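A.B. asks: Following the hints, complete the assembly by docking chain B onto the known chain A.
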Amino acid sequence: MTKEFAVPPVDFAGGSTAGANFQQRRVPTAPFQPPRPSSVSSSIPFMSFDAASAAASTPAGPFGGTIASSSSFGGGGYASFEDEEPLLDELGIRPDQIWKKTRSILNPFRINKTVHKDSDLSGPIFLYLALCLFQLLAGKIQFGVILGWVVVSSIFLYIVFNMLAGRNGNLNLHTCTSLVGYSLLPVVMLSAVSLFVPQGAGPVRFVIAAAFVLWATRACSNLVVSLADGGEEHRGLISYACFLIYTLFTLLVIF
Amino acid sequence: MYNNMGPQPGMPMHQGIPQPGMPMHPAIPQPSPSEYVQSNISRYFSDPQYYFQVNDQYVRNKLKIVLFPFLHRGHWTRISEPVGGRLSYKPPIYDINAPDLYIPLMAFGTYVVLAGLSLGLYGKFSPEALNWLFVKGMVGWFLQVMLLKISLLSLGSGEAPLLDIVAYAGYTFTGLCLAVLGKIIWGYSYYVLIPWTCLCTGVFLVKTMKRVLFAEARSYDSSRHHYLLIFVALAQFPLLIWLGNISVNWLF
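Protein sequence lines, in the order shown, are assigned to chains A and B.
Residue numbering for the first sequence follows the working numbering, beginning at 1 and increasing consecutively.
Residue numbering for the second sequence follows the working numbering, beginning at 256 and increasing consecutively.
Chain A on its own, in the form it takes in the complex (with noise of 0.2 Å):
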């Protein structure tokens, strides 16, 4: 079914019976204004901490927030408390987004491509302090060391994929320091492990090792794989150069 938008009538310079026809059929309206919750436009935008309204205006949801904010900019007031968008919200964090994405990445073997296609930042720095706080449990204080590596590895994978791929290799920073981020999960999950492991350098500590290093490795090649164009083809070089950035943070994590 179309939507009826009432858009303001169209003036033909001919003036014939037609055009005459053609104005009655369409109602001349206000131009187009979103529809209202009725609470809104019954609460005065001044005073605003009226309990009655609040508890009106909530269930309207997180569109009736906007627009209510917005309609209370357009009459020339400002808008009240519970009118304005969540922090985390306003902030570009959203929560369930993260989960499903760190989620995504526990199974290496089947590859959700469709979650990781919107990059966003907030996800791995959420990873990277956990695993400095899971470094700092063990002793160690290295919360720029493992920023600057994360910086630098994905620089370098930045380089390495859009070099390979050549003309048509589209990779951009934010996604490949994203996609990066988000498969620092295993090593995280590592450093977490490695707390409970007896400390003498065994070869039980180094198999641990190379499984969340070959997880996590799996997991970023694939996913670079198929977000960007043109690396189809180089699958073996690009996860090579992950296996290399992720055996340097599980070098900081078992020595």
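Source of the hints: derived by calculation from the structure; they are not laboratory data.
Here the structure is a predicted model, which means the values were calculated and not measured.
From the three backbone atoms N, C-alpha and C, an ideal C-beta is built for every residue, glycine too.
Treat the hints with care, as some may be off.
Stretch-level coverage of chain A by chain B, calculated; a stretch enters the list once three of its residues show a Cβ under 8 Å from a Cβ in chain B [claimed, not checked]:
| id | stretch |
| --- | --- |
| 1 | 107–113 |
| 2 | 233–245 |
So these bits of chain B aren't anywhere near chain A, every CB distance computed over 12 Å [said to hold, decoys possible]:
| id | residue |
| --- | --- |
| 3 | S343 |
| 4 | K345 |
| 5 | S478 |
| 6 | L489 |
C.D. replies: Leaving out everything else, chain B in the frame of chain A:
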């Protein structure tokens, strides 16, 4: 002195007073600053895209050539093709003898990672030590480039592109990675692998430089050629022993 091709030929020219807006001489087109920089950069760096046109099969075969140059049965010359009137070399996918930058970059990264691993196994790992190892590797690469470049310059041919020399110099890191890996697996194998690596790198560089000199040198002075090539091969020994000696103190 004054512009005779002004826009108003009918207007009387004032003597002695320059007309506003009219140039004093026919305009010489000046290049914009970015074009100037671009043309100067492209004189020193060839297009880096050429060096990354690789695939799996090329990488495998090239590694075999670099690590065991004695076993290479084919020839060592690069295949050239006429492109747009100028003679240029075929990209690495089509020509096993063409240099590439992927293998040197990855070999350098592998060297840093393996050196960190070997430091950690001796209990001396720290992120700062890894940074110093990175610097040491960079200095080694730079020294190798200088060695090759100076030996080319002293024979009068400075026209090989810089990125070619950087690529040839970076191939030494593949043998070095093998030596460090051997040291990690079994300590005494290091004393076998390092001379082997030096020898292989020497042979590879000599064979490559011979072709480069043959293609580029203006004067063919046979004895100087050979002495310089022998010098390049012998200089690999101290360089690689220095690079292979992984310790916290990066200078030696």
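A.B. asks: It remains to establish, for every hint, whether it holds in the given structure.
C.D. replies: Right, here's what the structure says about each hint:
1. With 0 residues having a Cβ less than 8 Å from any Cβ of chain B, the stretch 107–113 of chain A misses the three-residue criterion, and the hint is violated.
2. With 7 residues having a beta carbon nearer than 8 Å to a beta carbon of chain B, the stretch 233–245 of chain A meets the requirement of three or more and the stated coverage holds.
3. Distance check for B:S343 against chain A: the nearest CB is about 17 Å away, which clears 12 Å, and the non-interface claim stands.
4. Every Cβ of chain A is farther than 12 Å from the Cβ of B:K345; the closest lies at roughly 16 Å, confirming the non-interface assignment.
5. For B:S478, the shortest C-beta to C-beta distance to chain A comes to about 41 Å, beyond the 12 Å cut-off, and the non-interface label holds.
6. No beta-carbon of chain A comes within 12 Å of the beta-carbon of B:L489; the shortest separation is about 32 Å.
Of the numbered hints given earlier, the model fails hint 1 alone.
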